[in-house]
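Number of protein chains: 4
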Amino acid sequence: MRRVIVGVMGPGAGATPENLTAAYDLGKAIAQAGWVLLTGGRAAGVMAAASQGAKAAGGLTVGILPGKDHQGLADSIDIAICTDLGNGRNNVNVLSADVVVAVGLGLGTVSEIALALKNNKPVILWQPTPTAQTFFEELAPGQFSVVTNIPEAIAQITALIHNPT
Amino acid sequence: MRRVIVGVMGPGAGATPENLTAAYDLGKAIAQAGWVLLTGGRAAGVMAAASQGAKAAGGLTVGILPGKDHQGLADSIDIAICTDLGNGRNNVNVLSADVVVAVGLGLGTVSEIALALKNNKPVILWQPTPTAQTFFEELAPGQFSVVTNIPEAIAQITALIHNPT
Amino acid sequence: MRRVIVGVMGPGAGATPENLTAAYDLGKAIAQAGWVLLTGGRAAGVMAAASQGAKAAGGLTVGILPGKDHQGLADSIDIAICTDLGNGRNNVNVLSADVVVAVGLGLGTVSEIALALKNNKPVILWQPTPTAQTFFEELAPGQFSVVTNIPEAIAQITALIHNPT
Amino acid sequence: MRRVIVGVMGPGAGATPENLTAAYDLGKAIAQAGWVLLTGGRAAGVMAAASQGAKAAGGLTVGILPGKDHQGLADSIDIAICTDLGNGRNNVNVLSADVVVAVGLGLGTVSEIALALKNNKPVILWQPTPTAQTFFEELAPGQFSVVTNIPEAIAQITALIHNPT
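Chains as they are written, first to last, in the numbering used here: chain A, 1 to 165; chain B, 1001 to 1165; chain C, 2001 to 2165; chain D, 3001 to 3165.
Don't read these hints as lab results, they were simulated from the structure.
Heads up, some of the hints might be wrong.
No farther apart than 27 angstroms at their CA atoms in a straight line, the calculated lysine-lysine pairs in the BS3-like style are these [as the list claims (entries may be wrong)]:
| no. | chain 1 | residue 1 | chain 2 | residue 2 |
| --- | --- | --- | --- | --- |
| 1 | C | Lys2068 | D | Lys3068 |
| 2 | B | Lys1068 | C | Lys2068 |
| 3 | A | Lys68 | B | Lys1068 |
| 4 | D | Lys3068 | B | Lys1068 |
| 5 | A | Lys68 | D | Lys3068 |
| 6 | A | Lys68 | C | Lys2068 |
So here's chain A without its partners, still in its complex pose (with noise of 0.2 angstroms):
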């Protein structure tokens, strides 16, 4: 029986520590409700953070590597997926998660956003500065949620899950 996957997207390198403190909070409660976390595998910025704060909590982790092989691979990911595509992982990433939520912004992350978006997935947005608020709105206008503190994402991930758009 497929268990819920829900996929934790951010900056690696250039992370802030309030992303690295959001992203484990948020790893941590989703491996508390049950949940599958996947990321993009690498041992880097919010990737990194939120499988650590997942497997605190004793949940499953999941990275979507853009390498071939295991080279960068967070310490805290249970089933690594080697994809050899490098940014065109970005799409398997989003495609395999029931829920996107996205912690910070690096270019990366937008693009997750964008294809998230573009593929109908549910889409979150951690704390958006007001730029990146307005640019969503006014290319996917009610497409996607915004929260900003962890009970408030847990109870709409729970949500997005029963009534998936």
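Following the hints, complete the assembly by docking chains B, C and D onto the known chain A.
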């Protein structure tokens, strides 16, 4: 000897009349400059208009299709590449272009701009909205140019080809 | 901490009853050994039988789907990865497995064996036909093993995991 | 108007002198017939020889590269497509060709023949070994042709283009 490829990206169904006119004129000017035009290949919006313009000037056109066959191919494409990658083909679009020009802004276009910038490809935005320009300036300051007319676009492409980032 | 993944590849619609029995038994033994089972994820042939076997032994199953959603997913898959790569996902299958075991031989399986060998992945052929064995021996001498029963398969996988090529 | 594309696949480093001669002559004859030549694009083996032959006859050559940039590109390629798909680009090679001709047999070539047959693409094997011919006949009876000289190859390609499978 490899030929220079200029990619023109933009909305399909959601293209405005202004987008279509700009894409046609740009495709024509790209062909007149002796460059190969690359698009997403489908018979829709900016892709179709740009390749029609290029053919009107006797240029060579390449279309990178999302599907596994030629379904939906624009008539004005000479060389059709069937990727079976879905939206994952957006990464192939930008990697194969020496310069990426975005005319209009759909969700697919956003993913292409983001992937192009992430891969350090030269990117040109045609008449971006203030929101879009601010959004990308915050994300990737100094990594893209803005143009507002065809001569400016061709001058900018010429400069970028001779001095790639 | 990354878990070991064993990939079982084989025909979908064209699987023989012998293929299905072998795949089921192999999936079960892989789960009993504590490894994660990876297949092409579809509800057909060797993929479905192997994951059913693994679930019968309480194992964890990963399915790498060719499509962009869960259409055609086998019931016995826990973690579904949606690639939207079509048959291009065969490369992801073999790159993500620590060892690739081929049970039966469809055209997709042949592509997977060839891609696995090209990527220097350990490959095990289950009861290959004489023609298939000769074919791959001429192409990649000494790069794969042949097994004829479950204990032999598990012993071989164990050896390959501890001494990867 | 889309042009007909003939794909020539074969070993890179492992190509024999006979493979190289055949690939060069085939590339030349394909160009003389007015078809576009498509290869894997690298400066090695059958890929390089076929595109050199096509350029000697003034043809147009397309190379589908495994990497994200032009590293390793053959000099004789006009249109370089950068996929960043690694060996996953083999599926793009066969899907983009109207007919696939295999000259020699490396592991990559085997994956391409298998993926082409799986996608119901017309496949032609140039002077296959008895083992290879038997192997593919058992797998895909009646789905491919065997040729032994250039005129036969061109006649067969012509027939397949006019009566695609």
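**Request:** Just pull the numbers of the violated hints for me, sorted ascending.
**Result:** Those not satisfied: there are none.
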